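*Asks:* For reference, the chains in residue letters:
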Amino acid sequence: MTMKINVLSQVGENCITPEDGELIHQLICTGLSNGNSVELDFTGVRIFASPFFNVAIGQLFEDFKRDMLKEHLTFVGLTGHGSRVLQRVIENAELFYSNQTYRMALKTVITQKSESY
Amino acid sequence: MSQTLYLSTINDKIEDFYTLFSLWETFKDVRDLQIDFSDCRFLRQNAVAFLGGIIYNIRNNGGKVSINIGSMSPELLMNLAQNGFLSAVGVNSNPWEGNSIPYRHDTVNKPTLITRYLQEQWIGREWIAVSEKLADTITGTVWEIYANAFEHGKSSSGVFSCGQYFPKLKELNLTVIDFGIGIPASVRGFLDPKKYPEGISADKALEMAFQGGFTTKPKISRGLGLEILKRFIQITGGRMDVYSHEAHGLFSNGDEHFHLTKAFFEGTIVNIMLQCDEECYYILEENSEQPEF
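Top to bottom, those sequences are chains Y and B.
For the record, in the first sequence the residue sitting at position 31 is 30 according to numbering that gives the first Met the number 0, with numbers rising by one throughout.
For the record, in the second sequence the residue sitting at position 7 is 6 according to numbering that gives the first Met the number 0, with numbers rising by one throughout.
Watch out, some of these pointers could steer you wrong.
[Said to hold, decoys possible] Partial chain Y-side listing against chain B, Cβ under 8 Å, derived: (1) M2; (2) K3; (3) N5; (4) Q9; (5) N13; (6) G43; (7) F47; (8) N53; (9) L68; (10) F74; (11) V75; (12) G79; (13) V84; (14) L85; (15) N91; (16) F95.
These aren't lab readings, by the way, just hints derived from the structure by calculation.
For clarity, every value in this text was computed on a predicted model and none was experimentally measured.
Here a beta-carbon is modelled for each residue, glycine too, at the ideal position from N, C-alpha and C.
Here chain B stands alone, though its shape is the one from the complex:
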């Protein structure tokens, strides 16, 4: 029997993420799903990427998902057509350039294509007026999110991402999601049981993952990607929200907070907001010093 998911407007506040996690828990095992958008006026980039993940995972498990196009408002229809979401989920539609950054699903790691996406369709759209070298710096830093998702997420469905530019707010956003094992599970798997006989909570595990040098790959020194990303967000005045299991990490105003959440999501979501004021990025200007041992 078919079930219907009545989607509401979803932004990227913490309650909106709880809504997304609840939708996943409720509908992930449904065999025949219809999605109704009558009560939905807008979906932010995090909701678009997450919805794409829900649809893909249900279909990948042999289920059927129908999109009720007729229930969409003209504005929502335009938004989801523009960012390529509709065509990606099988609705006949042609995306075009606007303030949307295309929805993207990578089942396997494609570094060249993903960095080109970031260069040309996200930071390269010149919504932040930075030099080409600074744009490359931002691309390399944000790539760390994808690298971490593919390397540690262990997701069988790959990585889902979507971006959005908000001209009035002067914000450039990007969300990267994997439905894998989550950061706390990855961290706990390599803790010394003598040092942590009781284990650690999800928020503590998340905090450890963002400390430089913590690695879940013991043969080679690693574990710097999330720290590099965190520092970048902090010194450029951006904001980053990370959700994994029942933990939330918030990086904003140069500070960081980790706490337990009311809802559980097994995978990992990284949602970043960059300021579109180029002055925020002068601190990253080039220096000519080469590193030393």
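Bound conformation, chain Y alone:
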């Protein structure tokens, strides 16, 4: 079964903020976790920016494998700019979440910083 998410009706004409990204991210996670495929329909959305996609799509790589996302998450109605930004976010997220060494190093730095306060 495919769960369709109308992004315009959820967040409006602008997909630019992490807060709106989080809303869409939660809807996607619910659909995928319930065993559904998800179709994100961006028809009517005009303005796109990376903070939205980083949260809505990028952080999916933390919980789902790329092959799973490729099979069960599709996009329709993106403008050329929206498509280019999202493609770049996907590439960046895959690198980020697959690079355990990099992430562990960051965690170490954060731990050290938090302990120093």
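Following the hints, complete the assembly by docking chain B onto the known chain Y.
*Replies:* Positioned in the frame of chain Y, the structure of chain B alone reads:
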């Protein structure tokens, strides 16, 4: 005791930015400031936004600032009234539409209002004859500047911006300023000390921030906004100057340079110039391919 700031003509060359940084260092802690414009013939958009920041920060810290309207030339008075600067700093004046793009101060992030400002009062004024979809593309790309300023700048005074259209030069400009912690501080805060035991210089930190994927938010993959902005400027023949701490990043003619400057500014300034030739933007025309995992 009152001090007087004698403002000169300020454009957007590197020396003009040094002048602005010097003014900030000299007057930011003054309790009673008068601003005299006798030697000032014109203020570019970067100077208008920066001056607005100086005035707001002094007043916000309990200081007093007086604007000497009588010292302004008629041309300067018209320019600063037109772009709404005078009314924003408390002078009784009504702005109107011209070649100015309104001065703007956002103490908190207001995405809907800021994108509407960009759509209707900057790119939407049709000085660049692009389609609505391309105008939306430019708006989304330039929004990345504001998103970065609000997310990483950590400025208690918000974000100051102003634009200007230069019909003879066929240029559309915009400056966005925050008086926050600056990009180098943001980058240095999350470097691996084992890899960089000596730390890094401000220009190197600025360069790293413009490399795709560098993020100062370690829980989620980020750090693409400045790269997207940089690529947009480079492929459309525009120019971008970024000043933060003692670093300057210049993006022009498809190239980029980072170097150390003679003056220090703790916050961040992004100054962009777009060409008003629509042919520069055809490369951004739509394609119908949807992204894939």
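*Asks:* Double-check V75(Y) for me: the hint is only fine if its C-beta lies closer than 8 Å to a C-beta in chain B.
*Replies:* 7 Å, holds
*Asks:* Double-check L68(Y) for me: the hint is only fine if its C-beta lies closer than 8 Å to a C-beta in chain B.
*Replies:* This hint holds: L68(Y) lies near chain B, its Cβ roughly 5 Å from the closest one there, short of 8 Å.
*Asks:* Would the hint on F74(Y) be counted as holding, given a Cβ-Cβ threshold of 8 Å to chain B?
*Replies:* Check passed: Cβ of F74(Y) comes within 5 Å of chain B, closer than 8 Å.
*Asks:* Classify the hint on F47(Y) as holds or violated, based on whether any CB of chain B lies nearer than 8 Å to its CB.
*Replies:* At about 5 Å, which falls below the 8 Å cut-off, the nearest Cβ of chain B leaves the hint on F47(Y) intact, so it holds.
*Asks:* For the hint on Q9(Y), does the least C-beta distance to chain B fall short of 8 Å?
*Replies:* Result: violated, 15 Å to nearest chain B Cβ.
*Asks:* Can we keep the L85(Y) interface hint, with Cβ of chain B closer than 8 Å?
*Replies:* Holds, about 5 Å.
*Asks:* Classify the hint on G43(Y) as holds or violated, based on whether any CB of chain B lies nearer than 8 Å to its CB.
*Replies:* 12 Å, violated
*Asks:* Hint validation: N5(Y) versus chain B, beta carbon distance must be below 8 Å. Holds or violated?
*Replies:* Violated, because the Cβ-Cβ distance from N5(Y) to chain B comes to roughly 16 Å (cut-off 8 Å).
*Asks:* How about N91(Y): closest beta carbon in chain B under 8 Å, or not?
*Replies:* 5 Å, holds
*Asks:* Report holds or violated for the interface hint on N53(Y), using the least CB-CB distance to chain B and a cut-off of 8 Å.
*Replies:* Given a least distance of 5 Å, the restraint on N53(Y) holds.
*Asks:* Just to be careful: measuring from the Cβ of V84(Y) to every Cβ in chain B, is the smallest value less than 8 Å?
*Replies:* Where the cut-off is 8 Å and the nearest Cβ of chain B is about 6 Å from V84(Y), the hint holds.
*Asks:* Can we keep the M2(Y) interface hint, with Cβ of chain B closer than 8 Å?
*Replies:* Hint violated; M2(Y) Cβ to chain B Cβ min 17 Å, cut 8 Å.
Of the numbered hints stated above, those contradicted by the structure are hints 1, 2, 3, 4 and 6, listed in ascending order.
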